[in-house]
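Protein chains: 2
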Amino acid sequence: MITQSYQVKGMTCGHCVNAVSTEVGALPGVTEVTVDLASGAVTVTSNDPVDPEQLRAAVDEAGYELVAS
Amino acid sequence: MITQSYQVKGMTCGHCVNAVSTEVGALPGVTEVTVDLASGAVTVTSNDPVDPEQLRAAVDEAGYELVAS
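So the protein lines, in turn, are chains A and B. According to full-length UniProt numbering, the first sequence is numbered sequentially starting from 1. According to full-length UniProt numbering, the second sequence is numbered sequentially starting from 1.
Worth flagging that the hints you see were computed from the coordinates, not collected in a lab. By construction, the Cβ of each residue, glycine as well, lies at the ideal position given by its N, Cα and C atoms. Warning: the hint list may mix true and false statements.
To be verified - Going by beta-carbon spacing under 10 Å, a handful of chain A positions derived as facing chain B: (1) 10; (2) 11; (3) 13; (4) 14; (5) 15; (6) 18; (7) 19; (8) 29.
What the hints assert, rightly or not - Pair by pair, the computed Cβ-Cβ distance ranges are: (9) A:22 - B:25: 19 to 25 Å; (10) B:41 - A:18: 22 to 28 Å; (11) A:52 - B:48: 41 to 47 Å; (12) B:10 - A:65: 49 to 55 Å; (13) B:14 - A:34: 21 to 27 Å; (14) B:52 - A:14: 25 to 31 Å; (15) B:53 - A:31: 41 to 47 Å.
Generate the whole structure from the sequences, applying the supplied hints.
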């Protein structure tokens, strides 16, 4: 299991949290996504390392922005 | 056609707008709902007067608060 945290910009409510969780949770190998709305922290648990470009695309698809780390 | 405006508290993003529009739009006789996110103004067009209690319940169901007018 790999757990990694990312920063996502633009989430303002529970619907935003759901949108990001759904898109990121659909990535290959991802087993859990938790989002802290107040800080914008998105914590992703996966079996294998997540492709950063796929992650960025998933966050973008949900309508938000992955902050460059 | 009757058009009336209401004030709704707590909407923060487009998802919130959709949630309110969907719930209020499902009320009997309602033909159109427009929401101004910045001001919280919800404008409802209907064939017949909308029951204030049904409106309040719909906004509540969406997860927001109708400001007492």
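Checked hints:
no.: 1; hint: 10; in the structure: holds, 8 Å
no.: 2; hint: 11; in the structure: holds, 8 Å
no.: 3; hint: 13; in the structure: holds, 5 Å
no.: 4; hint: 14; in the structure: holds, 8 Å
no.: 5; hint: 15; in the structure: holds, 3 Å
no.: 6; hint: 18; in the structure: holds, 8 Å
no.: 7; hint: 19; in the structure: holds, 7 Å
no.: 8; hint: 29; in the structure: violated, 27 Å
no.: 9; hint: A:22 - B:25: 19 to 25 Å; in the structure: holds, 23 Å
no.: 10; hint: B:41 - A:18: 22 to 28 Å; in the structure: holds, 25 Å
no.: 11; hint: A:52 - B:48: 41 to 47 Å; in the structure: violated, 55 Å
no.: 12; hint: B:10 - A:65: 49 to 55 Å; in the structure: violated, 23 Å
no.: 13; hint: B:14 - A:34: 21 to 27 Å; in the structure: holds, 23 Å
no.: 14; hint: B:52 - A:14: 25 to 31 Å; in the structure: holds, 26 Å
no.: 15; hint: B:53 - A:31: 41 to 47 Å; in the structure: holds, 45 Å
Of the hints listed earlier, those the structure fails to meet are numbers 8, 11 and 12, in rising order.
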